Amino acid sequence: MYELINKDVIHQFLGDDPELIKPMLEMILHNNLPELNDLDKYFDEEQYDEVKIRCHKAKSAMGYVGSSHTQKILQEIEKDVKEAYPKRKNDLINDIRLIEKELHQLIDDI
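Numbering (my numbering), first residue to last: 1 to 110.
Honestly, the hints are just simulated from the structure, not real lab data.
Accuracy of the hints is not assured; some may be wrong.
Straight-line distance between alpha carbons at most 16 angstroms, and here's what the computed EDC-like set of lysine to aspartate or glutamate pairs gives [what the hints assert, rightly or not]:
1) Lys87 to Glu76
2) Lys59 to Asp16
3) Lys87 to Glu102
4) Lys82 to Asp108
5) Lys82 to Asp44
6) Lys89 to Asp38
7) Lys7 to Asp108
8) Lys57 to Glu76
9) Lys89 to Glu35
10) Lys79 to Glu102
11) Lys52 to Asp80
12) Lys22 to Glu78
13) Lys52 to Glu78
14) Lys89 to Glu76
15) Lys7 to Glu35
16) Lys52 to Glu26
17) Lys89 to Asp44
18) Lys57 to Asp38
19) Lys59 to Asp44
20) Lys87 to Asp44
21) Lys52 to Glu76
22) Lys87 to Asp40
23) Lys72 to Asp91
24) Lys82 to Glu102
Computed spacing ranges between beta-carbons, pair by pair [unchecked claim]:
25) Lys41 to Asn94: 15 to 25 angstroms
26) His69 to Met24: 14 to 24 angstroms
27) Val9 to Ile93: 17 to 27 angstroms
28) Met27 to Asp49: 22 to 32 angstroms
29) Glu83 to Asp8: 26 to 36 angstroms
30) Asp17 to Ser68: 22 to 32 angstroms
31) Glu35 to Lys7: 19 to 29 angstroms
32) Tyr48 to Asp108: 32 to 42 angstroms
33) Ser68 to Glu35: 16 to 26 angstroms
34) Pro18 to Glu83: 15 to 25 angstroms
35) Asp17 to Glu45: 34 to 44 angstroms
36) Gly15 to Gln47: 29 to 39 angstroms
37) Gly15 to Asp80: 18 to 28 angstroms
38) Gln105 to Phe13: 33 to 43 angstroms
These figures come from a predicted structure and were not determined experimentally.
For each residue, glycine too, the CB sits at the ideal point set by N, CA and C.
Please take these sequences and the hints and turn them into a complete structure.
Laid out in structure tokens, this is it:
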């Protein structure tokens with residue numbers, strides 16, 4: 001049903017309470033993912049530390065939703081922003097779009 005997120009992992013971290021799960025998923029949608037959408041701006045301005053910080057911060061959020069694929073991309077970028085970001089940028093953007101879609105779908109189903 002879901003390609004990147006894992007419902008079992010979400011329940012493992014957040015439990016089965018819809019009153020808890022829904023706000024946490026919305027926080028990821030409205031805070032963590034938009035921060036990743038801004039990486040281009042910081043990379044272009046050569047603010048590599050900011051890119052690194054945002055990737056590091058988002059790794060845990062991707063863990064909560066069970067997206068190990070996205071976690072690996074973020075980890076690669078975090079290790080070497082200058083080299084890895086240009087190479088993995090499109091993969092990250094595709095993951096973000098799919099995670100947004102899947103989280104919206106999951107929230108609607110809760």
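Hint check for Met24 and His69 - Cβ pair distance inside 14 to 24 angstroms: holds, 20 angstroms
Assessment of proposed distance window 19 to 29 angstroms (beta carbons of Glu35, Lys7): Hint holds: Cβ distance 24 angstroms, inside 19 to 29 angstroms.
Given pair status - Glu78, Lys22, alpha carbons within 16 angstroms: violated, 28 angstroms
16 angstroms Cα cutoff - pair Lys57, Glu76: holds, 14 angstroms
Straight-line alpha-carbon gap Lys57 to Asp38, limit 16 angstroms: holds, 14 angstroms
Range agreement (Cβ of Asp108 with Cβ of Tyr48, hint 32 to 42 angstroms): About 37 angstroms separates the Cβ atoms of Tyr48 and Asp108, which means 32 to 42 angstroms holds.
Given hint Glu102 paired with Lys82 - CA-CA distance at most 16 angstroms: Measuring from Cα to Cα gives roughly 30 angstroms; hence the hint is violated.
Glu45 and Asp17 - C-beta distance against the hinted 34 to 44 angstroms: holds, 41 angstroms
Restraint check for Lys82 with Asp44, where alpha carbons must lie at most 16 angstroms apart: holds, 10 angstroms
Cβ separation of Glu83 and Asp8, checked against the hinted range 26 to 36 angstroms: At roughly 34 angstroms between Cβ atoms, Asp8 and Glu83 fall inside 26 to 36 angstroms, so the hint holds.
Consistency of beta-carbon spacing, Gln47 to Gly15, with hint 29 to 39 angstroms: With a Cβ separation near 37 angstroms, Gly15 and Gln47 satisfy 29 to 39 angstroms, so the hint holds.
Ile93 and Val9 - C-beta distance against the hinted 17 to 27 angstroms: Distance hint for Val9, Ile93 holds at roughly 22 angstroms.
Hint violations for this structure: numbers 2, 3, 4, 10, 12, 15, 16, 19, 24, 34, 37, 38, all remaining hints satisfied.
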